[in-house]
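2 protein chains.
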Amino acid sequence: MEKKGLLLVLSGPSGAGKGTVCRALLKNEPYLRLSVSATTRTPRPGEVDSVDYFFLDSEVFNKMIKDGDLLEYAKVYNNYYGTPLSFVEKSLKEGRDIILEIDIQGALQVKKKYPEAVLIFIAPPSRFDLKKRLFTRGTDAREVIEKRLRCASGEIKVADRYDYIVVNDQVARAVEQIRSIITAEKSRPHNFKSLLNSFN
Amino acid sequence: MEKKGLLLVLSGPSGAGKGTVCRALLKNEPYLRLSVSATTRTPRPGEVDSVDYFFLDSEVFNKMIKDGDLLEYAKVYNNYYGTPLSFVEKSLKEGRDIILEIDIQGALQVKKKYPEAVLIFIAPPSRFDLKKRLFTRGTDAREVIEKRLRCASGEIKVADRYDYIVVNDQVARAVEQIRSIITAEKSRPHNFKSLLNSFN
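Chains as they are written, first to last, in the working numbering: chain A, 10 to 209; chain B, 10 to 209.
Just chain A, with the same shape it has in the complex:
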């Protein structure tokens, strides 16, 4: 297999709309495969094991950490979340492109372990817009939102460690921009080895 798959990491602060962008992208690009995360948290109503998450108990999750079976992991509000390495590696070897929708600390872990990963930071168009989105979600208490907003400001500081920034002003436009990034990344010289060798 000449062309190894692309490992695309979509990340950004809470309220930037990375979930919406990711779903819209997957609808447009059926060849993209979404990586399923593992978690120790309890399934929410309607969530399906192996589809939404691999729901694991803490013991199994800790063994995976110890054995290096996770590409990245993080503890969020007493629960663990992580990306099983085996699925990602298998897909990339098959030439399949994989997308990870994870938080910022996870994204930077992936880049460290797998420098070819393409990190895309989904940014809100403005501070005002971010605040509005967090408030109109309506699921969280005011203090939680204020905390998220402070957290987001901190997270945006590391955006310059990403490969690309996509401002989520309109979902369709953001998706187009990500498609262009995918096309560009597939134009990297390492994907053309056999063509280039054929001219010798």
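Because the hints were derived from the structure by calculation, they are not lab data.
Relax, there's no trap hidden among the hints.
Just so you know, same-sequence chains aren't split out, so a pair can sit in one copy or run between any two.
Mimicking DSS-like on lysine-lysine, the simulated pairs with C-alpha atoms at most 30 Å apart in a straight line are:
hint, residue 1, residue 2
1, Lys202, Lys140
2, Lys12, Lys120
3, Lys140, Lys195
4, Lys202, Lys121
5, Lys195, Lys166
6, Lys202, Lys156
7, Lys195, Lys121
8, Lys202, Lys122
9, Lys202, Lys102
10, Lys12, Lys140
11, Lys166, Lys12
12, Lys102, Lys166
13, Lys202, Lys166
14, Lys202, Lys141
15, Lys120, Lys202
16, Lys12, Lys141
Following the hints, complete the assembly by docking chain B onto the known chain A.
Okay, now just chain B, sitting in the frame of chain A:
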């Protein structure tokens, strides 16, 4: 000016069709500005000074080399060709995107002097296709074509030092791919400094 212009370098072996792709791209993207090269060769019928080339005598050209006024230059068949630095620098500072259509040795010189330059290698789809294109041009003698073909094989070896490779199988498709590369390069974090700072 937050967003500095992009310096795009289109290059590739003779017969790959970089001129055709460049013209088609400029038609599609009117904001792109083509850099005009300087040369010591005699104008061909119909060529206009300051439009097709800056036609200079050897003395002036040599002074520009000595004064460091060229971004790159090369001697081809007893004539000098080069890119005047001043025009490129001025345009980039104004936030204008510049495109250079130059040969391979020139492209690598540009990358050395200006690492932010985006180097795109226009590759022929196959050796057979390259040969066909060189022969059907009909302007050159057989020996000249054979020499160009050997030269092209050597030039293709350095393609892995480029940022991107675009296979010119169809001009319209190649242009689309280059437009995606431009979009991706405009998504680099350094273009979003003031947005990112506004979240503090």
